[in-house]
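Trainee: Spelled out, the chains give:
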Amino acid sequence: MKKEIRIGGFGGQGVILSGVIIGKAAALFDRKNSIQSQSYGPEARGGASKSEVIISDEEINYPKIQNPDVLVAISHEALLKYHTDLKRNGILIVDPDLAHMSEISEFIEKNEIKVYQAKVTKIATEEIGLRIVANIVMIGVITKITNIISVDSAKKAIIDTVPKGTEEKNIKAFDAGYNLDFN
Amino acid sequence: MTKELFIQGNQACSMGAIEAGCRFFAGYPITPSTEIAEDLAISLPKVGGSFIQMEDELSAIGAIIGASWSGLKSMTATSGPGFSLMQENIGFAHMSETPIVIVNVQRGSPSTGQPTMTGQGDMMQARWGSHGDYEPIAISPSSVQEFFDFTVKGFNLSEKYRVPVILLADEIVGHMRERVLIPDKTEIFKRVAPYENSSDFLPFKADENGTSPMPAFGDGYKVHITGLTHGELGYPSSSPDDHSNLVRRLTNKTLKNRKDIVSVDLKYCDDADIVLISYGSPVRSIIETVKLAREEGIKIGYLKINTIWPFPEEEIAKLNCDDIFVVELNLGQIVYEVERVVKSNANVHLIGEIGGRLPKPTDILDKIKDLV
Amino acid sequence: MTDHKNKNPFIKYFRQDRLPTIFCSGCGIGITVNSFLKGFESTDLDFDSLALVSGIGCSSRVPGYIKCDSLHTSHGRALSFATGLKVGNPDLNVVVFTGDGDAASIGGNHLIHAARRNINLIVICINNSIYGMTGGQISPTSPKGSLATTAPYGSIDTPFNLIDLVTAAGASYVSRWTTAHPLQLSRSIKTAFNNKGFSFVEVVSQCPTYYGRRNNLKTPIAMIKMFKENTVNKKKADTLSDDELLGKIIVGEFVNKQRYEFSEQIEELTYKKTEKKPIRKSAY
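Chains as they are written, first to last, in my numbering: chain G, 1 to 183; chain P, 1001 to 1372; chain H, 2001 to 2284.
Worth flagging that the hints you see were computed from the coordinates, not collected in a lab.
Wrong hints could be hidden among the right ones.
Unchecked claim - Computed Cβ-Cβ distance ranges for the label pairs, DEER-style:
id: 1; chain 1: H; residue 1: Thr2274; chain 2: G; residue 2: Ser105; range: 43 to 51 Å
id: 2; chain 1: G; residue 1: Ser56; chain 2: P; residue 2: Glu1232; range: 38 to 46 Å
id: 3; chain 1: P; residue 1: Val1264; chain 2: H; residue 2: Lys2257; range: 54 to 62 Å
id: 4; chain 1: G; residue 1: Arg88; chain 2: P; residue 2: Asp1366; range: 47 to 55 Å
id: 5; chain 1: P; residue 1: Glu1296; chain 2: G; residue 2: Ser56; range: 41 to 49 Å
id: 6; chain 1: P; residue 1: Lys1318; chain 2: G; residue 2: Ser56; range: 32 to 40 Å
id: 7; chain 1: G; residue 1: Glu167; chain 2: P; residue 2: Gly1332; range: 25 to 33 Å
id: 8; chain 1: H; residue 1: Glu2268; chain 2: G; residue 2: Lys114; range: 55 to 63 Å
id: 9; chain 1: P; residue 1: Met1001; chain 2: G; residue 2: Arg131; range: 57 to 65 Å
Virtual Cβ for every residue (Gly too), placed ideally from N, Cα, C.
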């Protein structure tokens, strides 16, 4: 099994960190192989930014994503910029308060993309009381929908990565995302 | 206990430096190497070391040479434009036989180029960038793990032969994250001090390695270190023989210890009609290409160059194949070295990619099929 | 030749197997080095702790003649090497010998940043207003109108005032003397050794070979005489107008004010993080 995940948003949303946590969950706790990389430079400070993760049971040589299986968009600009090479039948997860799919509906239809909507920013703000954990809510959503990483490993990776003292809030954020119902 | 981490190449490099005993870093911020400086700014004070952000790259390399003579293992990290500024004193480090490690996380070039994108345009600059005859040691990591391991190796070689060692990384290896094993014990080469009670110590007289023990300032040896041509005592000399002897000895330190320094990895080359050669991040592409091609029954292998300089001449000359493809992120640099070495024994082709993209394995395979 | 009466009292500090020096007769470097050694002797510092660093130029050849650890580096970069050496081992007493071209032209950036850091070392800048080693070209301190091979019609540049430069940059001890003031110079060097911070001692010096010959000061004596006649002490200069000071060399101590020192700050940070003093010479 080899899966490619791209998470896109704008600078400051914690897009890079969510990729790091997913990569870490796979590499250190699920005992798979993973590589995380990101777009760098001016883009990481405003504008569209992305974090990409490849997860595989086998050794990963080529470190760059070629056709993502999963695209996560938490900004409209990122959705427009990064959706074009999404795999046929691929998964698209968006925060509908920040990214509007109407503009790419033709692409979605043509490529039979499976679309999931998760209001992660609203959940983070209203349920957790911390807008900045929207990225962690999204990790919960990704874990639930894709099954690419295990819940246990995701939580371990979150605890291993977030600042000391914020673990509880972040786990709560993960659970809030994981417990959303997509059926 | 061995530690497992999921970190960036640049972080692995800074951890490798600490592991190797680096206790002094001077640098100047430059993308895409800055994380190395940022990381060492945090970790060096915690292990009794010193970190300085200098005013430019000219002074960064000056400071690490000075610190090396104070008795500390020292390092700087930079990228293309900063590496250009360091060339002058890379020559000084060779001439004065000062162990230092210089990390160049390469980016798109020339000039300011593509600060946030990858490239391998500085391969020949690492070889010839400073003026005059010298034989550098340069190594290229192709994974986060290798960035750690090769940083340790770089320090060891630098200390052993008293030469500056250049780590020729690139943006992809510097910025991607992978699982890394940090061993709990690493083989570290300690700097060799002059034997005690040797009042007639000659700081620039060669031993069997071609180098000599290195005293630290303040040890009482009262050495004179100069970039001028000097004799065994270190005093400036205008004798043609002294110059010839010195520069030949300096270059031979690297050349005569080639066997100890050079490292390559070969796979599937025994029966191969075609061999792919690469170094740094595009190694990842050629390994995948070989996998794809072997599945199709094409007899193909790869040679991964770990030590760029001195160039692995013997290892490449030994290849017994019809065609060699050199994959590099420039418009052709190492390919000419390969041509020089294989002579007319094989057709040498270049797959040179610039712009910041890593060549895709399928594209490489298509090019091979087109040409062969 | 070896007349005991004329023997230099500081000869024991020299690498005698390297003598004679390459300096021209009448060069101001000799007076400066004697004053330096006299100043050093009057401190209670251990000669073994002395490390001399230099760049390129006539003055940068000084460390090669003194029997101590010495680092003769590349043009303009001495202060960056010295910074690494001092931070690497703060027990060393680091002195940089430099000239006007080395310090203020090619090495100007390193000079102001070393002063800004107030790193504990001494810069002795032998300012002869000319590039001597390369045969008499204009320097960043050459007076307007002075002649040099690259200013055959007279210098049109405005010279640097090095004292103002390093003072503005933050040096904690700043003085200027000429080679006509060897005693004051040696006292100043003693003060500099005792200053825990960046000390800048400018020595206005004669280059009879390249500066004097072209600028109507044909002998070393004529040059030193000129220094004597044109020198104004700082205290007096403070009372004079700019017009009255035109063409004068202001000498004296300009700054002597302690402040945070760089290498100590780095050591303190290490101490805070490890509760141990940094390990010296850990490469071995």
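Trainee: Determine for every hint whether it applies to the structure shown.
Mentor: Against the structure, the hints:
no., hint, in the structure
1, H/Thr2274 x G/Ser105: 43 to 51 Å, "violated, 60 Å"
2, G/Ser56 x P/Glu1232: 38 to 46 Å, "violated, 57 Å"
3, P/Val1264 x H/Lys2257: 54 to 62 Å, "holds, 60 Å"
4, G/Arg88 x P/Asp1366: 47 to 55 Å, "violated, 22 Å"
5, P/Glu1296 x G/Ser56: 41 to 49 Å, "violated, 21 Å"
6, P/Lys1318 x G/Ser56: 32 to 40 Å, "holds, 33 Å"
7, G/Glu167 x P/Gly1332: 25 to 33 Å, "violated, 52 Å"
8, H/Glu2268 x G/Lys114: 55 to 63 Å, "holds, 59 Å"
9, P/Met1001 x G/Arg131: 57 to 65 Å, "violated, 39 Å"
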